[in-house]
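**Student:** Here are the chains, one letter per residue:
There are 4 protein chains.
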Amino acid sequence: MNLAISDRLKPMLARIEEFVTNELIPLEPQFFSKPFEELVPLLNEKRNQVKALGLWGPQIPTELGGVGLTLVEHGYVSEALGRSPLGHYVFGCQAPDAGNIEILHMFGTKEQQQEWLEPLAQGKIRSCFAMTEVDTAGSNPTLLEARAVKDGDHYVLNGRKWYTTAADGAAFAIAMMVTNSEAHPAMRASMFIVPLSTPGFGIVRNIPIMGHAGSDYNSHSEVVFENCRIPKENLLGREGAGFKIAQERLGPGRIHHCMRWLGISARAFEMLCQRANKRKIHTDGGTLADSEITQLYVAELAAELHGARLMTLSAAWAIENLGMSKARDEVAMIKFVVANTMNRIIDRALQIHGGLGMADDTILAYFFRHERAARIYDGADEVHKASLGKRLLRDYKRER
Amino acid sequence: MNLAISDRLKPMLARIEEFVTNELIPLEPQFFSKPFEELVPLLNEKRNQVKALGLWGPQIPTELGGVGLTLVEHGYVSEALGRSPLGHYVFGCQAPDAGNIEILHMFGTKEQQQEWLEPLAQGKIRSCFAMTEVDTAGSNPTLLEARAVKDGDHYVLNGRKWYTTAADGAAFAIAMMVTNSEAHPAMRASMFIVPLSTPGFGIVRNIPIMGHAGSDYNSHSEVVFENCRIPKENLLGREGAGFKIAQERLGPGRIHHCMRWLGISARAFEMLCQRANKRKIHTDGGTLADSEITQLYVAELAAELHGARLMTLSAAWAIENLGMSKARDEVAMIKFVVANTMNRIIDRALQIHGGLGMADDTILAYFFRHERAARIYDGADEVHKASLGKRLLRDYKRER
Amino acid sequence: MNLAISDRLKPMLARIEEFVTNELIPLEPQFFSKPFEELVPLLNEKRNQVKALGLWGPQIPTELGGVGLTLVEHGYVSEALGRSPLGHYVFGCQAPDAGNIEILHMFGTKEQQQEWLEPLAQGKIRSCFAMTEVDTAGSNPTLLEARAVKDGDHYVLNGRKWYTTAADGAAFAIAMMVTNSEAHPAMRASMFIVPLSTPGFGIVRNIPIMGHAGSDYNSHSEVVFENCRIPKENLLGREGAGFKIAQERLGPGRIHHCMRWLGISARAFEMLCQRANKRKIHTDGGTLADSEITQLYVAELAAELHGARLMTLSAAWAIENLGMSKARDEVAMIKFVVANTMNRIIDRALQIHGGLGMADDTILAYFFRHERAARIYDGADEVHKASLGKRLLRDYKRER
Amino acid sequence: MNLAISDRLKPMLARIEEFVTNELIPLEPQFFSKPFEELVPLLNEKRNQVKALGLWGPQIPTELGGVGLTLVEHGYVSEALGRSPLGHYVFGCQAPDAGNIEILHMFGTKEQQQEWLEPLAQGKIRSCFAMTEVDTAGSNPTLLEARAVKDGDHYVLNGRKWYTTAADGAAFAIAMMVTNSEAHPAMRASMFIVPLSTPGFGIVRNIPIMGHAGSDYNSHSEVVFENCRIPKENLLGREGAGFKIAQERLGPGRIHHCMRWLGISARAFEMLCQRANKRKIHTDGGTLADSEITQLYVAELAAELHGARLMTLSAAWAIENLGMSKARDEVAMIKFVVANTMNRIIDRALQIHGGLGMADDTILAYFFRHERAARIYDGADEVHKASLGKRLLRDYKRER
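Protein chains in written order, with full-length UniProt numbering: chain A, 1 to 400; chain B, 1 to 400; chain C, 1 to 400; chain D, 1 to 400.
The hints are simulated quantities; they were obtained by calculation from the structure and are not laboratory data. This structure is a prediction, so every number in the text was calculated from the model and none was measured. Certain hints may be false.
No copy labels: a pair is met if it fits in one copy or bridges any two.
Claimed, not checked - List time: in silico DSBU-like cross-link candidates among lysine-lysine, alpha-carbon distance up to 35 Å:
1. LYS232 to LYS390
2. LYS326 to LYS280
3. LYS326 to LYS10
4. LYS124 to LYS10
5. LYS280 to LYS232
6. LYS10 to LYS51
7. LYS10 to LYS46
8. LYS397 to LYS232
9. LYS397 to LYS326
10. LYS280 to LYS46
11. LYS244 to LYS124
Working from the sequences, and respecting the hints, build out all of it.
**Tutor:** Take a look at the structure:
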């Protein structure tokens, strides 16, 4: 279980860190103040620079034009990219596209791959993933209400989804719909590739979140399917395989989030330390860094972050070397551990910044309000804890 | 130490709660989506209704046209008003005006009171309080840099302040400026009444906070004094008395905040409970309220809130019956206890709401991002804890 | 809701505090190092002093020879006594006798009162309370297995109980036994007065707890009833009324514990502060009290303790003025809040003492290991939280 | 950074786990109920079995007769041994001998090694380490008061130490004494090998800790040096090198503790899970394992334990591959992280056991009271946090 930075990764990682620091962080004030679509041309230039450096798609298989890193390696890269909210987008490993690339790669037909996977992996189009529904626990797929009914050579989709990230401007959605409502709960739903130009598909609104509706890639939509008719060839995998594919997608999807959160945590931690060194609290020049309470915070957060990083790398190693099902407990752990660690670091960093932390003069206020969702999406803390705890307790029941 | 709701308060409180529920909470969607100044005419109507009901200025002395409640009574009222971000404003007890009314009442000359206090208490004008400066610990007044220099019959003010709440649209500021830089640290500064129309005063910007700059009453400005010349009659209290007055203002100011936070906490708590009862997590109709983890949260938060409320009422009683200096430790305690309780309740309520909590479809996301500042302004948690701890430890040193 | 120290209480409380400090705390080293029964003669002398001072039985009704304090008053007294593990015993308000006095007073027949209540209230005999059974959740009375079967003019008792506090040396037990196993769960059990000399009753062992089995009053026994035959006149209250009486007993019993825990907390807190002032950490004479982390701890613990005290007094007021059923939620809250606050204060005090805290040279190590049970007995934290949370959530269900 | 169980370790570890389960855990009731010296003959038999299996001294270099594991490997072994309080003693890797073996190996002269190291490594004699003094912060060596004065070919030692673990029955102490009081604080003290038979050395008492003074290996003494005269050849390393050697000893010493704590944590965690599966809370047979709150606890603790284990293994790898000074921050982190994780797991396990957890019928009550010290010895949490935080903050000062 080698968790170190591999030799081939070392120089790559240095270049990525440099790129984030010099090319992306300086764009952040624009990211806060402008609609995302206005930034797109500029970000496309950055993407081209990344491609020229051979760094595009760190986690994308080489045959699809990516770097083809292992999951442990990608852990380091993703932390480096996560330091800026623009990192993953510019390097082609942003959610939800990264997850969609993965399932199209695993479950897509050759035709589906040619039509959707290739341009997606190359960053020519964007995609979204429509699963969560309003007012039911998003994490419980047996409560899904949206339906797809077969009608000759087509499926007809009806239903409403929300928190469909990046639907605005996407070329297609992968949508989870109930097809076999009488089947075993885990066999009820199927996944479909839905071009967003299909009649009957509509974006109801970009949901205003924490004060902003956002736009383009930087948005989360409420979407509707009204007699949305798609060819039966757009079924992804087999009928009833929706949950199985979702599991395959959500496991790595969760670890991808965790890796990115480590980057956000690292950024907030370093801002905390820098600000503490600058903020005078005494007339004699003493700063917040001289305060023992600050030192206490820093030590605790550094330890938390170090632990969260090791757990994430270990889970990455397990997914790749033991398989998703054996890595399941570790993935559940990091989902809530890393999210909470990140939220605590952001909160403390904001506190050490004082009034400045609340202002949009730094990235902290952005992190504070937008990364709070980490403890909710892809399974709320409580859901992961209860189900992990139940599994672990069951093991001891068997034992003796 | 009677902390119960007094007999005269009971019917008043019922009317206030009804007013908040029926007249103010329905305006909240507008409050989130429109600039504040567009709401002002509507809010003025509501203020008139309040005045007609005899409920204007619950904490304002009767001779100034208010209800003249005791501080314990005002605790209950303020909690009721705090359930909506519009409550205090519409009832005439909003910060920073309430604090300014108090110091003008205590320290103002008859002329100052006629010119500034009376219209302020009647809600005809608004005011602001300019003390905090950038980049130094706001809580340490010995680090202030803004200066007022006497020049004949005038003072000339120079300096920069920020987080001057509600400066946008205010008639005057009470500004804290160093006048006697060689004096004992606690005697260096003085307070001045500065009409905002005075040449040399300027609003640099409404600071963008958590994604929004706000406007009018609902804003926090960075302001500048550049050779801003005011008559020496605008000195409030004696020269060098700035800190003393600030202490008089900050003590009650802090408890006013705590009382309002209790209202926010109560609102978030009730939203949590209502949502938990609605949100289905099982196909059989089971809701989040059936989850033992939710029950655990609810019990812990209810106990925290109950404790925070008792502590606030006890501190109010102490301020009024024992005096501010004897109430000092209690006020320090509630400053950090109530702020943290509120933040925890909001956080949990948001969590129980799931994705909906992040969306602007409820008030929680607003509370989440804007009430985070409670642990910073008027003395960060760490500052209060360290100084309270130091005082308490000193007592035991003397003892034996 | 007047929570202040009443005028009549003030001088009494001062005398009690003095007595604890001068007469009881000096006995603690003996309490740690000797079997309890060796201390009994000395403690009886102290009891006589207390009686001579007119302070015996602070909570016992005057007609039974006690002081007859209100519950709020007793809160203050009990905190003062709780500072030493000998306080309640010497003043005649120790568990489980205090609770037994209460139910004998409320539910006993005149004969039962003459025979058992009077000598108990006078401290001439001791009693115990046998309810909890091994291996089932003590807090769930529907799981009780011990049985009493009517046989002519007698009941025949069979079963096993543990954590029967102070059985060793007691004159009688009040025992909870199932009499009506087919009835509604809350009507199945009855309470009996069982003289410990009854054949068939036996003490299996004083349970070794945290390294010591203890003895006499200072013990917790495993007891057995084997065809233990008692006259039917020893039934306390009606058949099937066991749970109802237990509720009546447990409510005040819980608050009595909370009041005592406040005293332990206050003692540990003051030891923390004194030790911090003495323990040098720098060659220049600086002590742990100069450490900002210590100050942080002190401030947080002081606030917790203050809140816990107010909550306990408020619950006491509610029990006495609104009745046990209306005070139920408050009592549930303080059960877990005060227990946890106490445990945290003891833990921090021990930490500040360093190695000395682990040693038996102070009382802290005793508190640390024996007061841990507070979060378990009379309903574990989790049980109270889940049931309180459920009740509170139900209220909001009804509402809308 | 390979943290996995090595191939050579796998079978060895299985045998060790089996030995602990079958040979040592069954002895625990005797360990609780008898003085340690009565167990010594039995434990010596067990030691012989271990030697026969080739498992003696897992961390001891092969040239000294041990297994010579790497530090990462020893991490796994030490966790396995830590499950029982007898594990390390029986396998020859118990503190303080393990640390003394290490420094005698690194700094001892050939003569010192022959006389003291060899029999110690073989388990023929025991040793102790006398550094901590009463009433000063043990963690600050500049406050030491015990002195050694050179007198011809001897040193004369005077002073008082406490928490000298296992002095009772030891053959020699390694004692830290000030020799050069005017030197730089870090150069003031030296280490000496002191045969306990030396006149002038005395054990004042085995300190009663958490209710028991213990004896033999299982004790912590207060010791005194009164004109204790030892040959100058008993100086360990150079004069003034005491702190440097202590650093070399304390780093690995700390990680040895952490590894052992992981074993205690694992044991308590598994007891928690087993008990939860057994303890009925419903008449229908439902157990505590069905409670969502238990599941929440289990998930959180499992994640904590997993993180603590990875951090410990990572620190072990760093010590061995990068050197103690580069591993310093990681060692500081695990010192407080693992100690707190262990304490939390023990506390929760005790809680899930209910009354049984407080009783000496399981090992939990022993763990609860004796492992609390982990957050104090070898540097209290607060000391490690403040100094780690200070170091980390300093890095960011340099940066910009």
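**Student:** Hints broken by the structure, by number, lowest first?
**Tutor:** 1, 8 and 10
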